[in-house]
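2 protein chains.
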Amino acid sequence: MDIPSVMCMKGGEEETSYTKNCSLQARVIDAAKSSVDEAVVRLLCATNAQKLTIADLGCASGQNTLSVVANITDTIEQTCQRLGRFPPEVHLFLNDLPRNDFNSVFSSLQSCKAREATNLGRCFIAGVAGSFYGRLFPRRSIDFFHSSSSLHWLSQDPLKAHQKNGLLLNKGNIFISEKSLPFVLDAYSRQFKQDFSDFLKFRSIEMATGGRMVLVLIGRMGLDATSEVTRHMDVLSSALMDMVQEGYITEEKVDSFNIPLYPPCVPEVAHEILTEGSFSLDYLKVFELDYDIERKEAISNMTKGERVALSLQAVFEPLLASHFGSNIIEGLFSKFSNAIDKGNCEKERKMAYLMVSLIRKS
Amino acid sequence: MDIPSVMCMKGGEEETSYTKNCSLQARVIDAAKSSVDEAVVRLLCATNAQKLTIADLGCASGQNTLSVVANITDTIEQTCQRLGRFPPEVHLFLNDLPRNDFNSVFSSLQSCKAREATNLGRCFIAGVAGSFYGRLFPRRSIDFFHSSSSLHWLSQDPLKAHQKNGLLLNKGNIFISEKSLPFVLDAYSRQFKQDFSDFLKFRSIEMATGGRMVLVLIGRMGLDATSEVTRHMDVLSSALMDMVQEGYITEEKVDSFNIPLYPPCVPEVAHEILTEGSFSLDYLKVFELDYDIERKEAISNMTKGERVALSLQAVFEPLLASHFGSNIIEGLFSKFSNAIDKGNCEKERKMAYLMVSLIRKS
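Protein chains in written order, with the numbering used here: chain A, 1 to 362; chain B, 1 to 362.
Just chain A, with the same shape it has in the complex:
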């Protein structure tokens, strides 16, 4: 499976779509807003350029895409007002993999533009389809990179090379679990380091001197290999193994699939930034969010299992469907939802996120 050509959030507008189930990612954007604002303000204060070029990497589609655009353009407008300066023209690039629903992005931007003509009047928006683990923009052309809830995705299955040799090193699991061999965690960690290092290398070529970058990704609080992601993936692995027992899919199909996602810890990220060397580290923070906040707010009459299943389906369905076939999806998430409600999984934890602010060295 070639990850960049199958990977996307679930498109469309139906109940299981990403657009309808992206409240966690919205809270991540909110949690990082003041950091993004600060980076934009510092950029504006450092230069008097008539144009600011900004790229959002892993923009997805739906309300979150628009709120990133609105936050950044509002901050530029307000800052320039405060500084008594005419706002620069903004060239804003929205990037995601080619299967992202760019038609929906462009259509929602039109209505948003019509509504908020003042803020976006001099903001020119373009879509860019491609992997951020490769080149996306001309040299020295971008002043500010932003990426939220995207960089934990890997460019490929970290165990893929070993599968080619017939070695199935993560039997019965689709992610790093407590039962995984140490080799599995190591392969995931190495893949992340390679990908993140490539990401930094390509962005350093594309970024203008003095440019800034704010990245937010799923991470781990400490060196412990497991996280809230592990808990969900363990439940998903079990649900898949149940489907093997019931004859819907083969065991080999499960053994040969690994979710290409890695929540790094702080030292792993810091090490790659220092090694790559093009960026000075402004800060690297960790913060936590409840996964299932709706439970507390009681805004839904769904069970907790149903809510968590929906949020995972919106993110993982295209990937799972391309490997296992789309016919298993409904049964799989129904099993997942039941397992969460029965509570036969590890204790709930908070989701950890890493927030990194970087400045391009001259």
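You may find that some hints are simply not true.
Listed below are the simulated DSS-like cross-link pairs for lysine-lysine, each with C-alpha atoms no more than 27 Å apart in a straight line [as the list claims (entries may be wrong)]: (1) B:Lys51 to A:Lys51; (2) B:Lys33 to B:Lys350; (3) A:Lys51 to B:Lys201; (4) A:Lys201 to B:Lys51; (5) A:Lys285 to A:Lys350; (6) B:Lys304 to B:Lys342; (7) A:Lys361 to B:Lys51; (8) A:Lys179 to A:Lys201; (9) A:Lys51 to B:Lys361.
Covered stretches of chain B, as calculated for chain A (at least 3 residues, CB under 8 Å) [said to hold, decoys possible]: (10) 98 to 109; (11) 169 to 175.
It is worth saying that the hints were derived from the structure and are not from the lab. Even for Gly, the Cβ is constructed at its ideal location relative to N, Cα and C.
Once you've looked at the hints, dock chain B against the given chain A.
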């Protein structure tokens, strides 16, 4: 009806889609290729910049979009080889209205990139959704604008303002016909001049000094108000009036609809270029193409009426469906096809195109 929010070529991959019926537009691109090449070569010779920024306005989707990209990047590569120079990085923007199928554009670019990695290796492509009768890019950011088979589309129904006053000035017709009042031709011409003048004004802001622009649009050979487009639109008007007789649509619905397309003659285009004043005219040529070349090549066992109907449906269906409803489309083009085959319309003519090459004054 707000033209920019409904207008697009017919999406998808079915037999009546634009992708399957764009051979005329492909021949227009071929006919202009040497002019586009020449403009690109002159741009390269005039500067040693490490980056060239290019925009294709009205890119549509399908093979034609890709061939424009391939032609331009091939020319850059070959010219630089000849000049013994390292090719510049190319930032290429593909623009069309927001309902254009950008998902299909991005997906086809991926496979094309994989095939021709050498040519497109340093070409960074972005999609831009919006009307070229407004601003699309930051100031002074584009070196070369290209537009093929797009600028004859108007920003709005030229008779719309008068409809608001209850005046239906083009009864029984959906375009300029020989039976139209002189006012109708005049209103179409005025709308074209306004739109083309806006187009030039916005491009002059967006274009870098010394930048170039090659535009190809449907036009008229002389001052005669009618053209091959008139002939097709007369047949379409008659087919619609038949549907009025048969009770499928109301007469008022036909009377209140006008195709927002105008084939200008050379003096109209030249006048707007001189009046706007930002561009020096390199040249302005007219050329002609057969509309229905397949007839001669005998590559199809369809009747001529069926072939012409398909090519028109691919272009006009979204517009017609948004006004008359999609349920009339099949019947309408079946009537159209029969009328063409029965030969009860004016004598066939060639399609005329205007080709304009402009240079941004400093």
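When you check the alpha-carbon spacing of lysine 33 of chain B and lysine 350 of chain B, does it fall within 27 Å? With Cα atoms ~20 Å apart, lysine 33 of chain B and lysine 350 of chain B stay inside 27 Å; holds.
Just to be careful, I want the Cα atoms of lysine 285 of chain A and lysine 350 of chain A compared with a cutoff of 27 Å; is the pair within it? Between lysine 285 of chain A and lysine 350 of chain A the Cα gap is close to 16 Å, so the pair holds against 27 Å.
Is lysine 51 of chain A close enough to lysine 361 of chain B, meaning Cα to Cα at most 27 Å? Holds, at roughly 22 Å.
Does lysine 361 of chain A pair with lysine 51 of chain B here, judged by a C-alpha cut-off of 27 Å? 22 Å, holds
With a Cβ-Cβ cutoff of 8 Å, does the region 98 to 109 of chain B contain at least three residues near chain A? Held - the region 98 to 109 of chain B has 8 residues with a Cβ nearer than 8 Å to chain A, which meets the minimum of three.
For a C-alpha distance cap of 27 Å, please report whether lysine 304 of chain B and lysine 342 of chain B respect it. 10 Å, holds
Within the region 169 to 175 of chain B, is the number of residues with a Cβ closer than 8 Å to a Cβ of chain A three or more? violated (count 0)
Does the alpha-carbon distance linking lysine 201 of chain A and lysine 51 of chain B stay inside the 27 Å limit? 20 Å, holds
Within 27 Å, alpha carbon to alpha carbon, are lysine 51 of chain B and lysine 51 of chain A? The given pair, whose Cα atoms are some 17 Å apart, holds under the 27 Å limit.
When you check the alpha-carbon spacing of lysine 51 of chain A and lysine 201 of chain B, does it fall within 27 Å? 20 Å, holds
Given the hint that lysine 179 of chain A pairs with lysine 201 of chain A, does the C-alpha gap stay at or below 27 Å? 34 Å, violated
Going through the hint list in order, the structure does not satisfy hints 8, 11.
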